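**Student:** The residues making up each chain are set out below.
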Amino acid sequence: MSNKGMKEVIDVERDEQNVGYFEYMQELKEQIPVDQYIVTPRTSILALASMAGVSVVAFVLYAFTMFRFFSFTVAIVYGLLFLGFAKVFYDRVLYPEENLADWEGGDQ
Amino acid sequence: MSVVDEFLTTEGIIVLVYIIGIFLIGLLGARRTKNFRDYVTTSSSLGLVLLAGTTLATQWGGITLLGIVGFGYQDLYYGSLYSLGAAIRFMFWAFLLAIVIRKVNPFTISEWFGLRFDGKNAVVMTIMNLIVGLGLLGSQFVAFGTVITVFFDVPFETSIVAGAVIVTAYTIIGGMWGIAYTDFIQVAITAAGAFGMVAWLSFDRGGFSELRTEAVYPAEYFDPNVLPIGDLNMGWLFFLTLIFLWSADLFMNQFTQRISSARNMRIVYWAPVFGAMSYLIVAYVSPAIGAYGRLILGEGIENPDFVFPELAAEALPIWIAGIIAAALLAVVMSSGDAYLLGPSALAANDLYRAYNPAASERQVLIVGRLVTLAYAGIALASALFFQTIIDLILAYLTIGFAVIPALWASLAWRKASSNAAFASMVVGGATNAGLFLFGQGLFPWEMPPYYVGWVGFFIALIILIGLSLIEDRPAIDAVSRGSDDPAVATDGGATTDTGETASEAALADKARSMIKTVQY
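Residue numbers (our numbering), protein chains in the order written: chain W, 249 to 356; chain B, 5 to 524.
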């Protein structure tokens, strides 16, 4: 069965009885397979590594190049390079690892 | 000159037109707010342009055009580094937080913690949001007061109250729709003001190759001369701490709101990516303004937060100064509405509706608006007490430092247990709060107070990992995600001939049967 076009949101039905807050949370928890939505270890590791890598690039290279020339153009170039990196991360890591094909589309 | 006379100037008229315009735009949001879900998350309707605008607005606050400019006024390089930490924070948002939260689409971050862990974790998250949000919201009210005071010589406390009234009014009326519209306009005006200011000053006073020779700058002002790690005010450890402090508010509900407001997954990813990119550019713009401020205003500014507004008032033509004033107000108001609606919506959902399931949509919406009003009043009192932007932000973010491990674990670590997450947040957060307020004398060296955040962070991390490893996770959590045909509810139901075990198939059936319509 294809899941294309399936609503992205797991909408849950609230128990109509007047339950307390903790019971309500437990009820929701039993209805939703939360573990299915947590990112994979590979995604997590690559995300944290990316943040560390960008930190190094930003805190070392960025300032040295920026303030050597103090050029707005350099800042724009860094911004565009970052956008390119984000595109690669989405396409190569998030899309396959997190099954994003099942979640994309119009009004999901 | 009376207050009325102050605003009957070119700058004043521009600012008044701007404020009235923002208010009217906020009213547009009211037309689209029919129920509580609209009020809180626009019922997941925001496209990329509006979501990117409101995403940027969560970070483009008083610190961006006041704090970072002030830091750049002191040292160009440090001003730049101060900005870059925010880019890392947006990456955490895009790569981890947005992906998971958008799939689940909870109303609030507390609901997510309740789903991921249990009810007591949800309660802790609610309390943390309400407490930390007070400081962050109050800081924006103070920033508003700073701008008005500098430009129009209105008493500081009066200006703070005026800011609180304006932000609260359009937030209550328009909800998340109103915020999305106003944030977009405000970010556009802020960008135009900041970029325009740098462009004007570079044209009027020359570029940095010419400024380097000016006597007002210390010898190493333009050189990347970061001090060793041991310097706690401007060394590498300071900037590493800043990255975590910037990220320490990601558990705040306004981020979950924005994620749940996105129309689809691509939009929810790219909005914070644009946010990260914006800070790579802010890392040039804001320090540059600080540098020009040092040239034009001299070295004697007592409160660096005042550099940007004073520079605009001193060095720019009146009509541009008016736009700059509007831009400054825009940036603080756009953050203020986020800090206001996030926690108050959380309180309405998790403290009122959770205990009143029979409440009608109209009742919940009314309560949401009343809670917003009450929360603004409390934050205003906090703002009038502290009256310093950076101190307010840092005080409350230090508490949030200890929540980072639990937040990461909720998104990325299956072994994290409910008890471990709860203990890590409570013990870590309490440790940081106690040390920040009372523990300065415990350390044998002088240091800025927010460094105590590392203590709570590591305590929280050790508790989270240790307790999770000690506790056993139930077998149900071991369902494989690695098969080519992913099972269970995320894909609308897989066929049973995928090699699933009996327990996995039972889980898949149960999950498929649980997809129902919201009955709020």
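Hints listed in this document are in silico derivations from the structure and should not be mistaken for laboratory results. You may find that some hints are simply not true.
[Stated by the list, open to error] BS3-like, lysine-lysine: derived pairs with alpha carbons at most 30 Å apart:
1) LYS277(W) <-> LYS419(B)
2) LYS124(B) <-> LYS335(W)
3) LYS38(B) <-> LYS419(B)
4) LYS335(W) <-> LYS38(B)
[What the hints assert, rightly or not] Beta-carbon label-pair distances, calculated as ranges:
5) PHE199(B) <-> PHE312(W): 20 to 26 Å
6) ASP339(W) <-> ARG216(B): 50 to 56 Å
7) LEU20(B) <-> VAL325(W): 26 to 32 Å
8) ARG340(W) <-> ASP157(B): 53 to 59 Å
9) GLU318(B) <-> ASP283(W): 23 to 29 Å
10) ILE322(B) <-> LEU296(W): 46 to 52 Å
11) GLU318(B) <-> VAL325(W): 38 to 44 Å
12) ASP283(W) <-> GLU450(B): 43 to 49 Å
13) LEU309(W) <-> ASN237(B): 22 to 28 Å
14) PRO344(W) <-> ASN237(B): 33 to 39 Å
15) GLY200(B) <-> VAL325(W): 34 to 40 Å
16) ALA385(B) <-> PRO344(W): 46 to 52 Å
17) VAL158(B) <-> LEU328(W): 19 to 25 Å
For clarity, every value in this text was computed on a predicted model and none was experimentally measured. Cβ coordinates follow ideal geometry from the N, Cα and C atoms, glycine included.
**Student:** Hints numbered earlier in the text: which of these fail when held up against the supplied structure?
**Tutor:** Hints 2, 3, 4, 6, 7, 9, 11, 14, 15 and 17 not satisfied by this model.
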